[in-house]
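Asks: Read top to bottom, the protein sequences are chains Z and R. Following our numbering, the numbering of the first sequence begins with 1 at its first residue and continues without gaps. Following our numbering, the numbering of the second sequence begins with 1 at its first residue and continues without gaps.
FYI, nobody ran anything at the bench for these hints, they're computed from the structure. Remember, predicted model here, so these are calculated numbers, not experimental data. Be aware that one or more of the hints could be misleading.
Computed from the model, here is a short list of chain R residues facing chain Z with C-beta under 10 Å [unchecked claim]:
(1) E3
(2) E14
(3) V22
(4) I29
(5) F34
(6) T36
(7) V43
(8) E51
(9) E53
Using 30 Å as the maximum straight-line C-alpha spacing, the simulated DSS-like pairs for lysine-lysine come out as follows [stated by the list, open to error]:
(10) Z/K577 with R/K5
(11) R/K50 with R/K24
(12) R/K24 with Z/K116
(13) Z/K211 with Z/K236
(14) Z/K168 with Z/K466
(15) Z/K221 with R/K5
(16) Z/K673 with Z/K782
(17) R/K5 with Z/K116
(18) Z/K473 with R/K38
(19) Z/K466 with R/K5
Cβ atoms here follow ideal geometry from the backbone N, Cα and C, with glycine treated the same way.
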Amino acid sequence: MLKIKKITIENFRGLRLPVTIDFVKNNKSTSALIYGRNGTGKSSIVDAWEWLHNFYIKNLNRDGVLLTDLPHKASGGINSYISVDFQHTSINSATATFNPKKITTPTITGEYNEFKALSTYPNYLRYTDLNDFICNKRQAARYEYIAKYFGLEKFSLLQDTLQTTLNKQTINLQNLQAAFVTSRNTINAITGLTIVDEATVVKFINTIAGKHKITAITTFKEAEIVKTALQKIVQKNPVTKELIEWQAFQKRQNQFYPITTAKANCIGLEKLFADLKQNEESIKQLILSSLYEQSIEVMPKLEDKSKCPVCDETFNGDLLQHITAKHNSLSALNKKKTEFDAKKSLLEKQFEGISRKIAAIEAESSSVVLAAFQTFFDDLTTINSTLPTLIATLKKQLKDLVTLTISSDTAIAKIDTIISNETASKKLVADKIAALSKDETTKTLAQDYTNISNIVDNFKSHSINKEKVAYLKSITDNLQIFFNSLTTYIQTEIQNTFTAISADVVDYFNVLENSNPDIKNPALKLITGKDKAVELEIEFVSEKITPAFKFLSESQVNSFGLAFFLAAVKRFNKDFKFFILDDVVNSFDSFKRPRVAQLIASRFSDFQVLMVTHDQIFFDTVQRNFSEWQRYKFTAWDYATGPKCKPSKNYLEEIQSYIDDDKPVTAGQTLGKYLEWILGILCENTKTPIPYRVENVYTLSDYYNPIAKRFREKLKLPNTQHKLFRLLDEFETGTIFRNYCVHWKNEANQFTTEEIDAIFEKWIEIEQIIFCTSCKSFVHYKNISSTNYVRCDCGTVNLLDQTHYTSTR
Amino acid sequence: MTELKDWIAEFKTEKPELNDFVTKLEGFISDTGFNTAKFEKAVETGLQKKEEEVKKTFTTDAEN
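Could you put together the complete structure from these sequences and hints?
Replies: Okay, structure coming up:
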């Protein structure tokens, strides 16, 4: 089994000087706990761990952090590494060092590849990962989370990018098919037939060729010969030539019109611009609007509702109300800004449309048309000269616009002129065509030439598109088969894996949720017809509920997210039992946090864990429960050196150390804080009522006396004495403890080291029988079917067991 | 755990008729997903090639 001895990281993200996390204590392999406030560099350790495995850090990558940003800035990319030392028969170490010459490929040393072969599945979970699972409303995001922790991240990533490609190529294919159909329909309209093939087209061309005494052709390759010959005949007949040119222009003219006026939209936009610019300062505040919006959404989910989620400062008063008021005050302005953006975008699209229409008509080569429509083409040139500038202006953001004067631009007036001339222009062209079509021979020749030109061009387009469609269809069909097969594989793997680990998921969920008997049998359901959608189904009071996320509380979803991760960790990486939890307890209600520690103690005792937290109480809980772990405090951080890191003591070690150093006052005060905490847990566990104090100031006696009484009531058996009773009696003996209970917070009341030591020792004796070292829980009281239970979570410590009693007869 | 490359190899065995296609596709697949841009460029080149081929059939004899 691969075990970690130590992890060393230097010059990576926020870590400058080498930071070493030991996983050996007293020559025994163990786990590690890191506590530090936000910004002390804790998460850099998890980042380095992910980078060691993948050579990139996904969530940082998503946020635009480049690989070049990973080494500590002051290091210049030199000597930036993570190194892991192992206890194993053949794997001694694995190191990845940042390679400034090839940033995507770090230099790997030691038995890196052998280590990677044992650490294939993701074994780290961040608060943000769990939060994504819980808060993200997209089903696809949950699918990705599950795929990742089931070891299918690369498959899911491929599925994702393939889907994008497939969508794009499908649209591409549809466009080609549409062009193919258009050319086919045009040919059909010319021939009057429904078949489009070379023989039909050649036959049609030959019919026209025959009419004009042009040699017949046998293949389409010769079509241009007929077209050229006919063109020569047309050239000899100026009236026909002109008629053809007018007919061609008429076609382009009909595609050019209608054009919609832009003036009204321009004036409307300028008015909105003027209004918004009058409130320039407020506009700057609009940036805050989206932050306010997100804060309003996220605040009800926060535990501490007085701390601003944007600036992290504490607010005196109702923060949610305050932010909502701020948001509302900007909503009118926001509405106007949204309207401005929409109008701006509409106008931009309109100008781009006009630009495209001009490009299609302006390349006129007929001298007769150019002469007759000189003003029209001059106007197009004028519009073209400023339209790109206007489009560029409209692409700018409001904040970057100093002035906005579009409506007075010459192009706008010219567009209106062209619009007002539409009817007259069209009439002019129609009259010209009518006048030139009076002679039947001329008309027929023009028609024949137009038909030959069109059928030749369209058959070429038809042939090209036919080949392109066949080529692209083959690719998209094959890609679709590949994609479908990949999707089926992922979905089957997800379902199979979930089935295999579902018992563990339920078990862990129950530990975290304290065995809620009404919630059971979670199952994953893949949504039919959707490639990346998965829903959780849950059985609630014998009824199947889907989606469970709508039904479960946020805290229960949290528990599921963590249960998924831990169950996957347990199932995979069987030769490397290790995982990292980075601040995940943050997602849990405070009363549930100790259960995370209990879960690890009871189900993952054979694992090495790296627990990172910024929660002081959770840190104390884990320190207390896992005294054998290595424990570190990141007390501060600075740019030049990185985190200030020091080994940490738990309460019991700290108290003992003060007693050893003959510091009774500090020892007494630390013991008081500790007893206050533990007695609180015991009162909760045993459902012990305590006196209510309106001033909210409690002495230790307020907790201790009711709990001692409770134990005596619930453990009392006739003619016997419980061992705990004796210990409680000894603990309470004399006045020292009673005095201590009332006065421990008062530094003026001096207790001797011996007195504190006596209280401490007695309490440790009590703890030894009411705390389970296996599941790391204190005993709790339960009454099930009129039977009393006073036992720990796993049942190892059972205070109603006969072994705790001695006969008094 | 099945590696992506192993799955692709298995897919080729199950669908031998797609062997050539998948072999070409593998050139665009890496651990970070599917190289969409490179693939699109390759498809565009393929389409362009098809167009050139068809265009040749229109003009060869005519030019001669």
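Asks: With reference to the structure, classify each hint as holding or not holding.
Replies: Now the hints, each set against the structure:
1. For R/E3, the shortest C-beta to C-beta distance to chain Z is roughly 8 Å, which falls under 10 Å, so the interface hint holds.
2. Restraint check, R/E14 versus chain Z: the minimum CB separation of about 8 Å is within 10 Å; hint holds.
3. Interface restraint check: R/V22 against chain Z, minimum CB-CB distance 7 Å, threshold 10 Å, status holds.
4. Interface hint at R/I29: satisfied, since its Cβ lies 6 Å from the closest Cβ of chain Z, which is below the 10 Å cut-off.
5. Satisfaction of the interface hint for R/F34 is found here, the shortest Cβ-Cβ separation to chain Z being roughly 4 Å, below the 10 Å cut-off.
6. The restraint placing R/T36 at the interface with chain Z holds, with a minimum CB-CB distance near 5 Å, inside the 10 Å limit.
7. For the restraint placing R/V43 at the interface with chain Z, the shortest Cβ-Cβ distance is roughly 6 Å, inside the 10 Å limit, so the hint holds.
8. Evaluation of the R/E51 hint against chain Z yields a held restraint, the C-beta minimum of about 5 Å falling below 10 Å.
9. Given the 10 Å rule on beta carbons, the hint for R/E53 holds: about 7 Å separates it from the nearest Cβ of chain Z.
10. With a CA separation close to 26 Å, the supplied pair Z/K577 and R/K5 stays within the 30 Å bound.
11. Pair hint R/K50 plus R/K24 holds up; C-alpha atoms about 18 Å apart against a cutoff of 30 Å.
12. Of the pairs offered as hints, the one joining R/K24 and Z/K116 holds, with about 28 Å between alpha carbons and a cut-off of 30 Å not exceeded.
13. For a cut-off of 30 Å, the pair hint linking Z/K211 to Z/K236 stands: about 17 Å separates their Cα positions.
14. Restraint check for Z/K168 and Z/K466: the C-alpha separation of about 19 Å stays at or below 30 Å, so the hint holds.
15. Straight-line distance between C-alpha atoms of Z/K221 and R/K5 comes to about 48 Å, which puts the hinted pair past the 30 Å bound.
16. Of the supplied pair hints, the one linking Z/K673 and Z/K782 holds, its CA atoms being roughly 27 Å apart against a limit of 30 Å.
17. The straight-line distance between the Cα atoms of R/K5 and Z/K116 is roughly 17 Å, inside the 30 Å bound, and the hint therefore holds.
18. Of the pairs offered as hints, the one joining Z/K473 and R/K38 holds, with about 19 Å between alpha carbons and a cut-off of 30 Å not exceeded.
19. Proximity of Z/K466 to R/K5 is assessed by CA-CA distance (about 35 Å); at most 30 Å being required, the pair is judged violated.
Violated hints, listed in ascending order, are 15 and 19; each of the other numbered hints is respected by the structure.
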